[in-house]
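Enquirer: Spelled out, the chains give:
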Amino acid sequence: LAADLRSKDSLPELAERLVRSYGELAAIEHLDERPLPRPQAVLEIIQDLKELIFPGYGSRRNLDWSRIAETAGGLLAGLHGRLCEQIACALRHEAEAGRDGAGDEGRFFDLDLRAQRKSIQLLESLPRLRRLIATDVQAAYDGDPAAGSLHEIVCSYPGLEAVTVYRLAHELHGLGVPLLPRMMTEWAHSRTGIDIHPGARIGPGFFIDHGTGVVIGETCEIADHVKLYQGVTLGALSFQTDGQGNLVRGTKRHPTIQRRVVIYANATVLGGATIVGAGAVIGAGVSITKSVPANTIVTVEKPSLRFREAS
Amino acid sequence: LAADLRSKDSLPELAERLVRSYGELAAIEHLDERPLPRPQAVLEIIQDLKELIFPGYGSRRNLDWSRIAETAGGLLAGLHGRLCEQIACALRHEAEAGRDGAGDEGRFFDLDLRAQRKSIQLLESLPRLRRLIATDVQAAYDGDPAAGSLHEIVCSYPGLEAVTVYRLAHELHGLGVPLLPRMMTEWAHSRTGIDIHPGARIGPGFFIDHGTGVVIGETCEIADHVKLYQGVTLGALSFQTDGQGNLVRGTKRHPTIQRRVVIYANATVLGGATIVGAGAVIGAGVSITKSVPANTIVTVEKPSLRFREAS
Amino acid sequence: LAADLRSKDSLPELAERLVRSYGELAAIEHLDERPLPRPQAVLEIIQDLKELIFPGYGSRRNLDWSRIAETAGGLLAGLHGRLCEQIACALRHEAEAGRDGAGDEGRFFDLDLRAQRKSIQLLESLPRLRRLIATDVQAAYDGDPAAGSLHEIVCSYPGLEAVTVYRLAHELHGLGVPLLPRMMTEWAHSRTGIDIHPGARIGPGFFIDHGTGVVIGETCEIADHVKLYQGVTLGALSFQTDGQGNLVRGTKRHPTIQRRVVIYANATVLGGATIVGAGAVIGAGVSITKSVPANTIVTVEKPSLRFREAS
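Protein chains in written order, with the working numbering: chain A, 1 to 311; chain B, 1 to 311; chain C, 1 to 311.
Bear in mind the hints are in silico, worked out from the structure with no lab data behind them. Keep in mind that the hints are not guaranteed to be accurate.
Said to hold, decoys possible - Think about it this way: if two alpha-carbon atoms lie no more than 27 angstroms apart in a straight line, the pair counts; the simulated DSS-like pairs of lysine-lysine are:
#1 A:Lys252 to A:Lys290
#2 C:Lys8 to B:Lys50
#3 A:Lys50 to B:Lys8
#4 C:Lys50 to A:Lys8
#5 C:Lys252 to C:Lys290
#6 B:Lys290 to B:Lys252
Modelling step: build the complete structure from the supplied sequences, incorporating the hints.
Expert: Here is the structure:
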């Protein structure tokens, strides 16, 4: 009992030391600051956007044509409210950090209004994004002999989930919304193992099969009808630094993939100047840092394997 | 305020356009159709099945022998109800899609009864599946020097979780239940990064260590006491197409792995005719598209690395 | 209806058979035993620890300096209670399994008191762990041109999440707490695809980018300012067995990585005697089982690729 009291007794002193450490390490505390977008709200926004893109597949089941207009209207109104709130959080946070380039007086001006406009712009893009995502669903069916139906793909394919969330996040990223797009793609990354940066540009008919371990970097450009397998990295080769040794941000660091390219499991394509030509096939485990001509097959040479008897 | 009203004002018109897009892109809507299996119900089914397979490890703790018969009986009754409902959803959905081959009049006949039989058949298989899964737990202990106890494996090994869900889904798949088995293995895929198609055939004493990125294709055949590490792909080499350029579905596209094979991290074994012989060892990062004789060790040749000084 | 009744009728007999199988396969039941740590409690402990390490980023938002001492104090008191309970579970479970080496009479002695001491020792380490984790956040910013701010890293980088949970689990592991540390790192593994064993030793300024598929084994030693990309394995080469063919547990089986090493995507470094020298760079897809001198770049030789035209 004495020991129990002694140990609990140390907690107030520990709390004090911990709070002192908050003052000393301000870089990883977020006290007295404007609130960041909330992970729970980000999740709800993704779920409602998916419900609008794939009506009848989500938690609102048994939707029929007689009720769909009302349901879609209600979902849009609720989503708009939540989007406005979270976009405003992200904008306000960035404005406070002084990273938007505007003068001090202009930073917070019309911030809620700007958030509303961006929310409406995202929602207005939904019919267009549905047409784009429908090409991704078809590409999955055309590219996977194990797919039994389009329904099975919408219900259960993680590649489609990651690409859908990416397409929404890319739209918000294009509208200049900070933080939120990355939180959305990281939610999809956590669920699927597929990490697509919201800044990447990806054409229609995109299919990622299995998908775990796929990484698509910020400045990738991917044309239409490209197919990737699990573990494929479209990454950077090395990073430029300025005179002070700091990283230069914003240059093209990731490859360009032309139309109808297929990249098999665990292949790695690196570098901002690397172009994989249309129709090329990159074999499993291949690592590439230079461009590949159109309609070429690149594989690891077979003799590089060594066979010996197991003891 | 005026702008605020204007932006909200556009929502009804947007809802209309969105609903119009549902009519135009029927492939990715699910309105006016029979309900699909619900992800939440699939999750609850998996949890209860695990509770019956590993009694006392799950949320029902402190189970003792005096109460276990009653608890198991209650769990089975509840599970049966939920399984019947979700299996019926899957069967009805497939029947409606006209993909079960039966004549129009017979499609929906006895559908609930069929669902009940399949549910009972799954539940009847549990004692047999427990014996199989016990060999997987033992294989994990025998294969991982970091494993402190069998309990630690049941509590925390993602490989065991993925294999357990696969064994249950494979049983349902064998009973001819559509959609549900894949939803189960994709739930496990999301949690563990291990993607095992319910159609694969896997013998006793199967161990996947770490596991993130493992892919096991639909037509794989894996004998007893095989060990895989993270990132291993047992995949297809290329796909057959018919005269119209459509994929041929249902042929053997994935490899056969004989007993006591070990495949190390990020290795790739591809092709339906590829057989890895008993006792063979496939090294990390190796990519194979041809058969490997029994008791052979295959590694990437060392000279293929290039060493130079970093600047 | 008759069939319905018949099928439900078989459930009690099935329950009986299942319970019989619990008696036959005792290795995978946990009846009549002391409770194991609960996954839900482990999750709550991780969330509260993160809240104390990154104040203001978690669910308790809008925290300000005037209230932080009170909030931190409340969190610490609640955490201490939960930690005591779960640590005691883990210790009691191990004591019962007779694996702690103590004599029978001493096994359960002072168990709650020992749990309290270990809980306080973990909480006392938080200011020190914060300083360590702040170096990890800075390393992520210095190592990733796509990072917009330190806030973005704390909010959304899975590598930071996995390393934070590892640092907490490693502390508990060092205090001799069984089961719980591994349950913590497996929670992070499930969320991020990054599998770091609590026993590994990792220096300050550690950054894992993207991270899906990374595996860091139990006996790894990693010096300061090391950077890993997705799919990197720091693993074992082969396992020693004793005279009876059982695995020898506890030897150094995993590599040593010296300071300022960078290891690119899907590379594999294996073996307890393998040392990657300071400043070395290991290229994407490289597989290494021997030591690498300091300041060396290791890449897969380019000629091992084969180019041919696609048909």
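Enquirer: Against each hint, give a clear statement of whether it holds in the structure.
Expert: We went through each hint and held it up to the structure:
For the hint pairing Lys252 (chain A) with Lys290 (chain A), the CA-to-CA distance comes to about 15 angstroms; that is within 27 angstroms, so the pair holds. Taking the CA atoms of Lys8 (chain C) and Lys50 (chain B), the gap is about 21 angstroms. The hint holds against a cut of 27 angstroms. Taken as a hint, the Lys50 (chain A) and Lys8 (chain B) pair is honoured in the structure, with Cα atoms around 21 angstroms apart against an allowance of 27 angstroms. Using a Cα cut-off of 27 angstroms, the hinted pair Lys50 (chain C) and Lys8 (chain A) holds, with the two alpha carbons roughly 21 angstroms apart.
The straight-line distance between the Cα atoms of Lys252 (chain C) and Lys290 (chain C) is roughly 15 angstroms, inside the 27 angstroms bound, and the hint therefore holds. For a cut-off of 27 angstroms, the pair hint linking Lys290 (chain B) to Lys252 (chain B) stands: about 15 angstroms separates their Cα positions.
Violated hints: none; the structure is consistent with every hint.
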